[in-house]
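Asks: Using the hints, build the complex out of the two chains.
One line per chain: the protein sequences are A and B, in this order.
In this text, residue positions in the first sequence follow UniProt numbering: the first is 1, and each later residue adds one.
In this text, residue positions in the second sequence follow UniProt numbering: the first is 1, and each later residue adds one.
No lab work stands behind these hints: they were computed from the structure.
Nothing false has been slipped in among the hints.
Think about it this way: if two alpha-carbon atoms lie no more than 16 Å apart in a straight line, the pair counts; the simulated EDC-like pairs of lysine to aspartate or glutamate are:
(1) A:Lys-111 to B:Asp-37
(2) A:Lys-584 to A:Glu-624
(3) A:Lys-598 to A:Glu-624
(4) A:Lys-111 to B:Asp-29
(5) A:Lys-711 to A:Asp-666
(6) A:Lys-389 to A:Asp-331
Predicted, not measured: the structure shown is a model, and the values here were computed from it.
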Amino acid sequence: MSGGGPPRKRNFKIEAFKNRVELDPKYAERTWKVLEHAIHEIYNHNASGLSFEELYRSAYNMVLHKYGEKLYDCLQNTMTWRLKEISKSIEAAQGGLFLEELNAKWMDHNKALQMIRDILMYMDRTYVPTSHRTPVHELGLNLWRDHIIHSPMIHSRLVNTLLDLIKGERMGEVINRGLMRSITKMLMDLGPAVYQDDFEKPFLDVSASFYSVESQEFIECCDCGNYLKKAERRLNEEMERVSHYLDAGSEAKITSVVEKEMIANHMHRLVHMENSGLLNMLVDDRYEDLGRMYSLFRRVPDGLSTIRDVMTSYLRETGKQLVTDPESLKDPVEFVQRLLNEKDKHDKIISVAFGNDKTFQNALNSSFEYFINLNNRSPEFISLYVDDKLRKGHKGATEEDVEVILDKVMMLFRYLQEKDVFEKYYKQHLAKRLLSGKTVSDDAERSMIVKLKTECGYQFTSKLEGMFTDMKTSQDTMQDFYAKKSEELGDGPTLDVHILTTGSWPTQPSPPCNLPTEILTVCEKFRAYYLGTHNGRRLTWQTNMGTADIKATFGKGQKHELNVSTYQMCVLMLFNNADGLTYKDIERDTEIPASDLKRCLQSLACVKGKNVLRKEPMSKDISEDDTFYFNDKFTSKLVKVKIGTVVAQKESEPEKQETRQRVEEDRKPQIEAAIVRIMKSRRVLDHNSIVAEVTKQLQARFLPNPVVIKKRIESLIEREFLERDKVDRKLYRYLA
Amino acid sequence: MAAGGRVRFNVGGQVFETTTTTLANAGRDSMLGALLDSSWNVSSSSPSGGGVAEYFIDRNPACFAVLLDLLRTGSLHVPPHLPEKLLYCEALYYGLLDHVRAARWGAFDGDRLRHAASVPGRAPGDGTAIRAAPDGGCCVAHGGAVRVYNWMLDERRPVSLDHSQVNDAVYLDAATLLIAARERLGKRDGGMAAFSAASGDLCHRFRVAHDRQVKSFTAGALAFDQDSRIFASCKGRLNEYGIGVWDRVTGEQADFFYEQPGCALGDADKLQWLDATNALMVATLFPKADNCFIGLLDFRAKNVVWSWSDAGAAASLDDKRVLHAIAMEDERSVCVINQYDDLGFLDLRSGAGGVRWSSRSKLMNRKVPGEESCYPKLATHGGQLFSSMNDSISVFSGPEYVLTSTLRRSHGGAICDFSIGGDRLFALHNEENVFDVWETPPPPII
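One chain only, chain B, in its complex shape (with noise of 0.2 Å):
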């Protein structure tokens, strides 16, 4: 080990001097870390009368600078010559990748989010949805196939389930992601199976099984609770309508909540598990036809603990459809919007009361949207409420939930999906399949 814990490195002909100090920052887990770990000095070969030692790395001095920067200040400045991949190369040389991505962005605020980036898609359809990865990666459902993008928006091996339509995705975490498919009829396929995110290699298919036999299905929206069970709305062959549960560490069947008659729950639309309420919510919302439906359902006691439906609600209200539906983080209301942008709320505690809509449309002064419109979808950050309507996404904070921010950009078209996760929100349009990253810059420097 150097003396006075100063280290000095020729990288590709170009002297670096530093200290330990600032190298320990790269941790014993990279390659700068094992260098200078003592199993491999151990006779110290460096001349004892220089006092530093020196090591020599065959790599890309600019690139070494950038990287050695973020060692001493964490933050990450590149020079506008040096791109990007060969910064990102580098880093994965060095074993820094993870702070290169810790530095790229800054934590998540709705309110100072930033266009970072949008990816043309390639797909030959309309996309369905779009999820964030724990990474900060994302994947993109559309027909039979689900596109998967690392951090670095690289495309990696797209994922299918026999090509069966896709119904949902979720990444279980930044390795692992969730497929729901439709079963095609006459082939005993669809269902929902786990897939390697990095290789795009089918892990393990989940099975369900009525009266012990082993049924195809076709799952619809997926979620998966804190400890270990994963969800999946579940339509089978012969009226075996309802919410499958498996144990995600075995991957095996754990249980099975069969359909009770004035509560859809095979066809659900969303699925969520409320972790302090100890139930899942299921929000089954038939744009077009049919009643909408949402519960929560508790999987000890087997029953529906809450639920509201507009069954037998009148004709007038006809122009009020609840479209999507997402529990609050408080897990004390579920939030539901409908095709002219109002948002409402229904109270979890209470029993079965309507939908107290605040009547955003007319303050927003927006048309009944036309033909080529998109479903709103909604999401909640960190205390802060997400929905999109036509090509924006609008941001509301505070405990009455102000508008206080719009996210749009200006080609695309209408935004279909978005999903929020790893620090960055991911906006899927409805043209040409592309997609908006959104981030929030790093914090300034005073």
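The shape of chain A in the complex, shown without the other chains (with noise of 0.2 Å):
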């Protein structure tokens, strides 16, 4: 430093801060020229050489610095102008190669787009809430949508295209699956909307009307069964399509359209075909047909109910014909086995081809009921039926067949109206079975009681059951009486006797005929036994219901065991004092009643091959003028022959009335009975509401005529059980 010369005055000045903290105007533009660059490389597969760190802070700092609104605009605005240029690129693809452009730059936007929404990150999350724009990813696809999709030159070209490959898909052709699975998940990407409106429905229409063209043709040219599997087959094929490449959700629009074309809309033609209709189907059993048309024809609205009206009516028309038809009412068992096959055969449709539908099992009941209860017989021959079965010498049936078979019977049970028609017959027939010892088993026998005692009540079955034990208690009686009066009895005839409770049994009174000496011995021993026993009972024979064996030698010294019934026996046992005897003398002699004492000569003298009694004249009938002889000549390779009676197995007409009389007889109480407990727990009832609870109440039994139900009415209110109201004389009261 020197010392000379004066110091210099320095001169401070103030200068304006150079760096002044101002953002340079061009800021926002640059930068934003530096992300659009990167969005056109994006763009360009060229994103490699770009920085995503810095590419981030950029645009971070445009939106601190609050050009958010200019970003997101820019962005808008790079991207419609990308998007316009790949538009015109999609376009110029040629042919089949257009919807392979599309999904190459649908992906390629797509992962563009992620990239551009990962740069922009920090907008997506601060801007665009809070001034409510869209976010980045939805513009993409949003623009993508009005850009591409909408796009006057794509739209039509697309979905035709689309359109066109399922078509011909469905003529067979092999189309490329994947490139349509992308596109149309590219459509369900930019929002259900685009994908329903712009194809879906289009596809809709397109497929309708397809299949009501092939749908005729198909009617016209093949049978229901093949129109069937067409259909089955088309159905499969869309459910198939829709799994492959559109949205779960078109499934059931799709397969909406091909049921109303296909089905739906031909439906009644296809039931009613000719030659191969639904009634074909159910006559042939052609059980995968009829699944076929089952499962076609529940998708649509009133298929099924279609099918069922046919199947109805059918089974009327075919069951009313079975039961009317005078044919098939000369074999009883013929004609219950007939219904059960009838049963059988659509209890096996329901099950296999049906699905064991309900509604259909409930038709099938209905029908059976109402043809069922068409012929009044019904129930004598179910019972005759279960008869047979149930009849020694039914071979070659085992119990669980036997089961079966009962189970069966027990169907056609519960259709019965008149059930206790059946009773009145099944105790007829049981009480035969009993008491000729013919029941194949004891369980079996049973068990039907037990069925019919589920189905029906104790009520209905304490008399059955009365009979079972009527037959135990007589063979303990036979045993002790034999045990205690052996010595007494000496080498006379053998005596069963079967003690029937009076009112057990269907027995018809009928005096005792005269029985042989022989046997009158016995019987008078064993009275006097049994009511030395049994205080204060009464005994009547029946002696058209019984049987003996006895022993008879014939001309050539050849000796037979003849099994005849208790009349038979009578008859013969004259022969034993005399040649030839006159119709009146063995009228006379032995008192067995008229009709009896015909059927019964008829089976001794007019059977080939069992004619122990000769008869002059010689015919078939049986006169009164008619003399019998001991018939010398008979002979048989048997040692012992059996002479069955000339028994009606079906009731003769006048029996047929008379059963339908008792039957009546025995419902007047039980009407009556219905009756006094309903008017005794509801007090006042009108005449229509009686009757509806009376039939309501009994109709596990029988279907009370109305008619009768109002005689019956009358007769309590002589009785004074009921009396007509003073003002009101619909109106009943009860008399306590």
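Replies: Here is the structure:
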């Protein structure tokens, strides 16, 4: 430092701060240029040179410096421009390459969109929610939708291409399903509305017209079974299509189109198709076709009810024919067997083809109920059928078989309205089986009774069970009788007595015939024994129901054992003392009722091979002027000869009338009891309600006739159980 | 992508090394997730020999260290010198703000609550209500406006519906706030509207039509169900009282349950949707006059399926007034509270029985509150029952609702309202409009 010279005064100058803290006005523009460049590079597959951190920071800075809006708008413009370029290249794609190009560009766009959103993540988090803008990803999708999918040059071409491909596939071509899948997924990604409006709706429309035409063609040239096969295949194809390359939500829609066009629109024609419709399927047991029809028709409204109606009317028609056919009435067993066969057939159809549909089962039941009751002999026939199955000598049937048959019979029994009539016949037939010792097994009999009991209650079977008890006690009694009295009896004929409780058994009151003296002595001894052990009882001999084994020696000394009824025995015993007897003689000596005697003589004299008596003159029928001779020349290969009585298995017309009348008689107290029960609880009721309630209460046993109910009401009024209301004559009052 | 799963960052000059596994915790939807994503690392420009890629990030290294630790351990440890706001800014940059929020406080437990912050209000008048947002934010209604706070307790733009008196507010979700406001005489304003919680903008105004004519109305209490319905008690000018129902998606009126004699609906103070019962609880509790009414409305059959009222109760019971009611979470009973802080229960399954009071006032030896007190409020959360009384909140736990905790701050005066949501409890004090935030601390290390 020099000491000389005056010190120079320093001039302080305050200058303005050179680096003003102010953003470069071009800052936003410049930053955006960087980002825009990056966006283009991304679309050009040239992103490797870009620094994510730098770009992210740039976008962040723009938002931070309140250029969020500019950033967003610029992004939107750039992306729009890019998409317009893309749309040009897609438009330029030729023919089949169109979809591929579209798909490739869509993949590119998605990738680019992801990267753009990465860069602009900060904007997406901060600027977008506070300014109610669309998030970047969604914006990208919306722009793609507006500028590509909805571009007039692309939209219709896209839809038509897709529909053409689907049509081609329907016609059997192989198409690129993966590409289809990608395109429909793109439409879904753009929003369900895009998929539905731009693809699904036209797809459904085109499908409807396609199937409308096709179904018309099919129905003209195919039979019902083939048509259904084709319809089923089409339906499966469409479902498969949905699973391969459409949105799952389309399945219900497209199947409903196929269902409507192929099934619903042709339903009636299919069902009633000549030679191959539902009726033929039912008749021919075409389970596969029926099953197909069921599974297809259940998809459309009223489909199943259409099938059901046809089935019901068919069932009723055939059933009605069956039960009213005079031919089938000749053989009750055959009659019931045919009913059972019919039931089995339809049960199988319902279980195999109709998936055990409850409504079909109900229709089947109601049809059976309808036609079984058209024939008032059904109860008798069913009982006869059971009789046939439970009789001895029914070969080849194991216990299980019998059980199965009984179960089936019970099904028919359920359809019967007049269960009491059945009971009546069943009792008769059971009595015959028990007394003639012809039941196949006690177990089977009891099992049938248990079934009836579970079906109709204790009351229904109490008498039937009483019959079984009687059989058992009789056995015990006879053993006891012979144990105690064997010395007294000596070598006389062996007696086997069934003691039947009056009321439990369907006994026809018939005066006893004159028994041969040998028998009469044993009988009297038994009577004395029985009345000795049981006080206050009365024994009546039912000679019309017994059987006897007698030994006879014929002309050449051959001996035979004859198995005959009690009546026949009485007749034959007469010939011990005489060779020839007139009808009148026999009638006088035996006092067998005329009709029974005729039957009995017929079986002794007119049946070939069993004619132990000879009749003069020779003829088929018995007249009162005939004379009978012991037939010396009788021969038989068998030692034991069973001589059956000529008994109509089926009831004859007068017998039927009689049974009918007895049933009607039995119903009266039941109806009266029902009326009294109802009135006791209701006190006052009008006529129609009583009829309705009585019918309801009794329908488990029979269907009471309203006229009969009215008569019973009148009878009850007479007997002062009820009275008519003084004011309203339609009302009845219960008199306690 | 870096070899061996190792990644090196140079953040503001400081080098960090971590693994891709740690960074994967950030998720693809974060800046770090995108940075490492394969789409940004196509030609792996890193030197193939070094094996470790290095990314430069021009940000604060101290905050990065905290956030990296958060990704590593799942827990947040902020050094005392680091401003919280700065950390939040950085977290936002990296897209990790939700991670920070999730680690900031633990799952709600009424017995472990710790006072986290007191936020002074600037409102001119008394606050009416405070509501917790599902994401940990809250809003305070007072006078004609609602002040909205995010979970960082930064205030957002306030919300108002024509500056009418706010009666109730409720968060439909973290981003949408419903406001019910009173209609002023002569002005066709008030009613109910949805606002964006982020921007404060009006999103939708809900209308009420009677006989197809749109009418202005006063909306009282608000509620919404799990599906899509919004409920509000409504008072129209021409005695059109009842509960309005709107569809949340379309914003259109879906139904209107008109008030029937004997059940006050239009003036209801509290609505609560009971999901299992499929009914709306309506509580109308006139503290000064008239009768209290609590009922359950079935909107399918349009009838009142259960109700209780103190009408006809003798004057001797006058000292026990129901001031607030809440349906318990099991939907078997309604809890009520009176001016002595007694809790009572009404059985929802039986017919109208009386209130079973459990006399807590004697036990706690409290005096009848003076003029300056606030009405008590009730809330339930996770099987616990909360009640506010004067300057404290009581927490009751267990099936018998035994008092287990008391929350109290020394200043701010009586608590006029409180709300639980987003794993936080907010209590609004009567004086100075200050509100307290209570949080459960993160679970202990061992």
